[in-house]
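Listed here are the chains, written in short residue letters.
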Amino acid sequence: MPLYLPIAELSMNIFLVIGMGAVVGFLSGMFGVGGGFLMTPLLIFTGVPPAVAVATESNEITAASVSGALAHWRRQGVDVKMGIVLIAGGAVGSFIGAQVFTYLRSLGQVDLMISLAYVLFLGSVGGLMFLESVRAIVRNRKGILPAPKPREDRHKAWIHALPFKMRFRKSRLYISALLPLGIGMFVGVLAAIMGVGGGFVMVPAMIYLLGMPTNVVVGTSLFQIIFVTALTTIFHSVNTQTVDIFLAVLLLFGAVIGAQIGARMGLRLKAEQLRALLALMVLLVCFKMGFDLVVEPTELFSVGDAGAH
Amino acid sequence: MKQLVAIFVITWLAFGSAAAALVTDLSNKRIEIRYSFDGADLILFGAVGSSAVDPVNDDFDVVIVVRGPETETVVRQKKKVGPIWINADSLSFPAAPGYYAVAASRPLAEIASDAAFGSYGIGFDHLPLLARTERGLAAPEPAFRSALFRLQASKDLYRQERDQVVHVGEGLFKTDIRLPASVPVGEFLVETFIFKNGSIVARNRIPLAVDKEGFERAAYDFAHNYPFWYGITAVIVALSAGWLAGVLGKK
Numbered sequence: 164m165p166l167y168l169p170i171a172e173l174s175m176n177i178f179l180v181i182g183m184g185a186v187v188g189f190l191s192g193m194f195g196v197g198g199g200f201l202m203t204p205l206l207i208f209t210g211v212p213p214a215v216a217v218a219t220e221s222n223e224i225t226a227a228s229v230s231g232a233l234a235h236w237r238r239q240g241v242d243v244k245m246g247i248v249l250i251a252g253g254a255v256g257s258f259i260g261a262q263v264f265t266y267l268r269s270l271g272q273v274d275l276m277i278s279l280a281y282v283l284f285l286g287s288v289g290g291l292m293f294l295e296s297v298r299a300i301v302r303n304r305k306g307i308l309p310a311p312k313p314r315e316d317r318h319k320a321w322i323h324a325l326p327f328k329m330r331f332r333k334s335r336l337y338i339s340a341l342l343p344l345g346i347g348m349f350v351g352v353l354a355a356i357m358g359v360g361g362g363f364v365m366v367p368a369m370i371y372l373l374g375m376p377t378n379v380v381v382g383t384s385l386f387q388i389i390f391v392t393a394l395t396t397i398f399h400s401v402n403t404q405t406v407d408i409f410l411a412v413l414l415l416f417g418a419v420i421g422a423q424i425g426a427r428m429g430l431r432l433k434a435e436q437l438r439a440l441l442a443l444m445v446l447l448v449c450f451k452m453g454f455d456l457v458v459e460p461t462e463l464f465s466v467g468d469a470g471a472h
Numbered sequence: 039m040k041q042l043v044a045i046f047v048i049t050w051l052a053f054g055s056a057a058a059a060l061v062t063d064l065s066n067k068r069i070e071i072r073y074s075f076d077g078a079d080l081i082l083f084g085a086v087g088s089s090a091v092d093p094v095n096d097d098f099d100v101v102i103v104v105r106g107p108e109t110e111t112v113v114r115q116k117k118k119v120g121p122i123w124i125n126a127d128s129l130s131f132p133a134a135p136g137y138y139a140v141a142a143s144r145p146l147a148e149i150a151s152d153a154a155f156g157s158y159g160i161g162f163d164h165l166p167l168l169a170r171t172e173r174g175l176a177a178p179e180p181a182f183r184s185a186l187f188r189l190q191a192s193k194d195l196y197r198q199e200r201d202q203v204v205h206v207g208e209g210l211f212k213t214d215i216r217l218p219a220s221v222p223v224g225e226f227l228v229e230t231f232i233f234k235n236g237s238i239v240a241r242n243r244i245p246l247a248v249d250k251e252g253f254e255r256a257a258y259d260f261a262h263n264y265p266f267w268y269g270i271t272a273v274i275v276a277l278s279a280g281w282l283a284g285v286l287g288k289k
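Residue numbers (this note's numbering), protein chains in the order written: chain A, 164 to 472; chain B, 39 to 289.
Please keep in mind that the hints were generated in silico from the structure rather than gathered at the bench. Keep in mind it's a predicted model, so treat the numbers as computed, not measured. A few of these clues could be false.
[As the list claims (entries may be wrong)] Here are the in silico distance ranges between beta carbons for each label pair:
1. B/K118 / A/P326: 22 to 28 Å
2. B/D249 / A/T461: 45 to 51 Å
3. B/V119 / A/R332: 47 to 53 Å
4. A/V255 / B/R68: 45 to 51 Å
5. A/L432 / B/R72: 41 to 47 Å
[As the list claims (entries may be wrong)] A few chain B residues facing chain A, derived, Cβ under 7 Å:
6. Y73
7. D76
8. I122
9. W123
10. A126
11. L129
Yeah, the Cβ is synthetic: ideal placement off N, Cα and C, and Gly gets one too.
The following block holds chain B by itself, in its conformation from the complex (with noise of 0.2 Å):
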């Protein structure tokens, strides 16, 4: 596969055309969730043609925004209720993004102003999100925003500043995506974006599923669209195997 891409990247290189200015592409466009999933590594690859920039002479820098399914997603602040902690106030997200990762090719703040990220809503601080309040839609309260950031970042399912674009040469440029064992299913974004003098002047996404597949799949399917039989079905496996354990263990 990678080196299809890479074929594919270098004929395209060759007779270019100047209509496109950028392509990308994924070492795999389908990620399967099987019982030994333990996270995923994919290889993005991409290539400016002359059209956006020369990319033998002028110098240009990446960034790359991976977005995962939306989901209703809950913060929930601690606080002292008596002796105890409690799970006091709480704000709800309701499309925050289960997966969201920003690679560059160097640290953001060199690539462009923070301005124009927050024009273009890349980034931690720029990423365009709403939190549900009496009022509607509302922006959210900032205490609650970067807690929900931190903690996604220490699950590995929020990326910023530590994933490397690495300039191959000749135009292409490549990247390592990690996707963490807890991701989400769902379609994903794959964004890339080129940038110049601080500015935007190519762009292109494709997408990226994550789904469960094959016994993965079946049992998840069977207990969430038949969860009665599924606990049927759970409950026949449980007296099962305790009487075979019973069986077993006397001898």
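Just chain A, same shape as in the assembly (with noise of 0.2 Å):
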């Protein structure tokens, strides 16, 4: 059934987009992940313009962390003041990132900063997280438990050097706010140039380069990634009008079924086997990312409207 999308212009299978939500939101809830590294380059690949894929992937996944996010607030499992400083670095990083993204469009350079980001990103995380998985499963086949570090080596001695010192209650922290204002600048970034929630950074940088507890990163990341995605929408809605409401929509639909599947699904598996598998999925959109980039193309010419006017 041929679905017309106003703002995209362009008419689309609405069982293809609700399968495709539904797709990424099975992983995503296997994997607990956002889902928007896998979302965004589907939706290019089925030929949705890259800039709408990008900007109504941030508005779906506002709706896809709401839900996630209030089940952590409810637990106590949100720093609000962590969140807060993230999020005032995320809003800085989403404006220079939505007018980075704006200028390149009208170059014509949109398409290959959105792959070279990917293959990037995409590449490194899933490579950190292949071994670091892999490295687990060796160990627990062998039985070696790794001996935890103590609380007070967890900060390197530049990070205790940096001014600006805050105390994060929740977070049982005392440190410079430039380091949660740095990684939420930089997942804004991405925010806007990925159409990602950024958790994939943002996660591995509050674990091990603020230290924060477990029980508390991942709704801090969340309650983050909800504000910074919305202003992410409202930037790419100012300056391209690239937010196509209806398809967030109907991709939130899939995504919302999936998801129950996926985490049911995800239960059944060991914690460093879904690591392992997430990371073998990540380096798979990193490769065929990176692998469009580098064969030659079959058709060399492309037309396109005249960008951002």
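Take the two lone chains and join them into the complex the hints point to.
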């Protein structure tokens, strides 16, 4: 059944859209990730203009993060003060990202930037995640338990040397506000140019760089993602008019159903097996994007509108 | 509507005045894009009168050109830079038609000479098209020009030698006009040319409008005229849909 999307200005099969939402929702429910890094490339592969894919996916991630954030909120799993600092950084980053996005779109280089960003970040994050999970699987087989680090040694010396220290009670941290501001800003840029929530960068940064306790990491990152993707949606709406609400709602509809099934499947697998599978999937998307950049295209020419005027 | 057109054409044939040699009409002069829009097919009817040709005794050819609204269109060419392929060169056509279709009663080469089509500016090779260069508007580089036609043709937006004009008889002819789902909105022009012995003996033009309607129009206008409020709305929709999904998901 074709459905005309008035903002994207193209006709798509409604079942294909809901199906894509369901598949990505299934995977994100299973692995406990946002799924933006899968959805945006998938939309681009099916012929949605990259600018529309990125902006619309920001809109969908806002929706997809709400219920998770609420659940963590009820469990006291959100460090609001840390979240606000991360959001402040994210707002600046998202604004910068959206400006860069608009500028590159007018030059016809936005597709290249999206591909390069995906190859770079998915490649490095996926690679690290894969190595780490393989190491964990091998350790479990041999029955070795890693010695836990003492809490005082969590931070490197340069982190303690930063100014503007702030106390974050819920995370039991006393660190410079510059660090979460910087992380938030970096994630905000990624959100605006890649159409992702940025959890795949933010969660490791919160654990390994900030040393936040794991019980507040996911809730706080979802809290930040809601606000930053909402801002990103507004920036893209104003700059390029590429947010398609209808596409976003249909994708969400599929994703909600898929996530329910995925979450049940995920319970049957071990955490490090899940991480290894997720890493493989991340690397697969990365390779596909990289492959398309390196291989000579069959059609060297492309046609587009003049972009942002 | 089709019946109406047919009645109109037949009436005209019966009482036709000598002043108008050619009449045409469309089965639908206004295409509305709604949620279920997946392209549209229209029928063009036309008839020639005896002042131009004697439809009963003379052979004549029909060429129909449908042209969509002109928009700035950029063609880009990828080049290998280091290990990767990136958009390197680009050429901007400030007024390329968003839709361009040529239908004819015979292959174009059999109707008139290339030079004749050239002088009328009909067909992929002859459509007047300028590109923006450093020295102002100029004839485009052939590689980019042909890429524009090739790419637009692959999207069904440019069509030539694919749609047939059918002679019904008694000077009456018809053709199908196919608009794909990605057709641009705006004012279209449908031009009909009657060829005899390789040159034009009659021509006329009628307008055709393609526009988004109802909800689709409202959403598009809202997004483009009030982008900030559209963004706010998108966020509110997402927040409530996400909340609702969470509530339903628990059950």
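Taking the hints in turn, this is what the structure says about them:
Between B/K118 and A/P326 the C-beta distance comes to about 47 Å, which lies outside the given range of 22 to 28 Å. Taken as a hint, the range 45 to 51 Å is violated for the pair B/D249 and A/T461, whose Cβ atoms sit roughly 35 Å apart. Distance hint check for B/V119 and A/R332: the Cβ-Cβ separation is about 51 Å, which falls inside the suggested range of 47 to 53 Å. Taking the beta carbon of each, A/V255 and B/R68 are about 48 Å apart, inside 45 to 51 Å as hinted.
A C-beta distance of roughly 45 Å is found between A/L432 and B/R72, which places it inside the suggested range of 41 to 47 Å. Interface restraint check for B/Y73: the shortest CB-CB distance to chain A comes to about 5 Å, inside 7 Å, so the restraint holds. Because the smallest distance between the Cβ of B/D76 and any Cβ of chain A comes to about 4 Å, under 7 Å, the interface hint for this residue holds. Hint on B/I122 holds. Least Cβ distance to chain A is approximately 4 Å, under the 7 Å limit.
The interface hint given for B/W123 is met, as the beta carbon of that residue sits about 6 Å from the closest beta carbon of chain A, less than 7 Å. Hint status for B/A126: violated, given a least beta-carbon distance of 10 Å to chain A, over 7 Å. Against a cut-off of 7 Å between C-beta atoms, the interface hint on B/L129 is violated, since the closest Cβ of chain A lies about 10 Å away.
Hint compliance for this structure: hints 1, 2, 10, 11 are not met, and every other hint is.
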